[in-house]
Amino acid sequence: MGGRAGFFEVEILDWETKKQLCFLDKVEPNATIREIRLMFHKLYPRWYPARQSIKLDPKGKSLRDEEILQHLPVGTTATLYFKDLGPQIGWTTVFLIEYTGPLFIYFVFYFRMTFVYGLDERFTSSPHPVVNLACICHSFHYIKRLIETVFVHRFSRGTMPLRNIVKNCLYYWGFAAWLAYYINHPLYTPPSYGKKQINFAVIMFLLCEAGNFSIHVALSDLRRNGSKTCKIPYPTKNPFTWLFFFVSCPNYTYEVGTWISFTIMTQCVPVGLFTLLCFIQMTVWAKDKHCTYLREFKDYPSHRMPIIPFLL
Amino acid sequence: MAAAGSGGSRADNGYGGQQARRRRGPGALATGYLVIYNVVMTAGWLVIAVGLVRAYLAKGSYHSLYYSIEKPLKFFQTGALLEILHCALGIVPSSVVLTAFQVMSRVFLTWAVTHSVKEVQSEDSVLLFVVAWTITEIIRYSFYTFSLLNHLPYLIKWARYTLFIVLYPMGVSGELLTIYAALPFVRQSGLYSISLPNKYNFSFDYYTFLILVMISYIPIFPQLYFHMLHQRRKVLSHTEEHKKSE
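Taken in order, these protein sequences are the chains called E and Z.
Sequential numbering of the first sequence, starting at 1, is according to full-length UniProt numbering.
Sequential numbering of the second sequence, starting at 1, is according to full-length UniProt numbering.
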């Protein structure tokens, strides 16, 4: 039965077969789930902590590392369930791979490498300045993302399943190739409204990139002390962050704005389609985040919308 | 409560397959609507079946029968789009994405291939898939109708989970042969294709697209087929046990 002298006992069962995978006795009551994961890892070396989903209920949510054993609704003999999440990969690594791909893939088309547009067109360059501008903007966008990944972002969860990276890369790299193909094509047609359209697009692009960067910095500052807890983001002195008055996820708003400006700049249907898909995906993420905020904070500003002020 | 559960699930290619997942089920109004829907669809495909037989008897040959059932085929196959709505509304316990995929592939073949490329309408491959679809749909919709009324005759259940063994490959062959037959005409006429340069900087080659569609059958068909064989074993053996325990 129970523990001796205040110690807990922890048994860990497989979530599907309910087979007992391990039994830990003499566990400190104030042990964290992180420590239990480490103990489990010692017994099963191939299941490193990031792969372990430890839960109270076989079909329930995974317990966070910071949870403390004695604060959980368990007796002194705790029964926990284990699920293997599969090989994991760190978010930083994922982002680096996802964003480096489009950067270089675009160059393959911009410089018209041999096999892309045929032997006659190889290594030629476009007569249209907007094509050069598009390459600069596209590259700037992904270099900015890479810099943010290394220096700015603080991720709340360390890893994601390995198979996600294949899916994500196919998506980002595939689209980058598809839109780069048309923008850098020898038969590319520049925008119908000429310089006016391009200049407008460039200004919108720069504003949105600045906005997106400001939001990322602001969000990162909320986690400055290495805390993993969620705090409500508020507008700061930076005017770009004033969008926080109206939306929960202005970073996504600015991101969609960036891609809309790129569509206007290049007047290219594949770019437009990519923008549409980005918008849909980010709306889903924004709604999710918005719901999380609403759930966790009773005093969350009620007039804020997830991604588009007043609308969505 | 009949084990068949509510509405109908469409986790197959319409050639017979997965048992409806047990769920709370639709309300009385939704059930009434679904019964009417499934009865109408059963009747519709029976009309197509009868039309085929009559045309065959009148002409004396099985060639070019498409023209005699063209309109009801288009109407009732397109009507199946409602099933996507049923899933989205939750009155049918199926995945919206899966149902959408299956219905859209049928609608694609009906309109974007057979209707659009007039030259293939006299091909025998069209008859192949039309017959496969007709038999499958009659059985499938009557299966759903009886399930909703909680009175499913074993014969219908057996038919649904057995005839696909022949009908599915038959239908797929008809579909692939029809797409293949359409290719040269698409190439020639540039149907649904747009090429550079144009001010939207976009190009689309329907010919290549059709070839990609044909290639996509290679991974998809075996998966669905073996899934249905697996379902068959599960459903029909479950019924056998039920019978034995009575």
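Worth flagging that the hints you see were computed from the coordinates, not collected in a lab.
Fair warning: there could be bad hints in the mix.
Claimed, not checked - DSS-like mimics (lysine-lysine), calculated; alpha carbons at most 27 Å apart, straight line:
id : chain 1 : residue 1 : chain 2 : residue 2
1  : E       : K195      : Z       : K199
2  : E       : K237      : E       : K167
3  : Z       : K199      : E       : K19
4  : E       : K59       : E       : K18
5  : E       : K289      : E       : K231
6  : E       : K18       : E       : K42
7  : Z       : K71       : Z       : K118
8  : E       : K144      : E       : K55
9  : Z       : K118      : Z       : K74
10 : E       : K287      : E       : K298
11 : E       : K59       : Z       : K71
12 : Z       : K234      : E       : K18
13 : E       : K19       : E       : K144
14 : E       : K237      : E       : K289
15 : Z       : K118      : E       : K196
Numbered hints the structure breaks, given as an ascending list:
Violated hints: 2, 3, 8, 11, 13, 15; rest satisfied.
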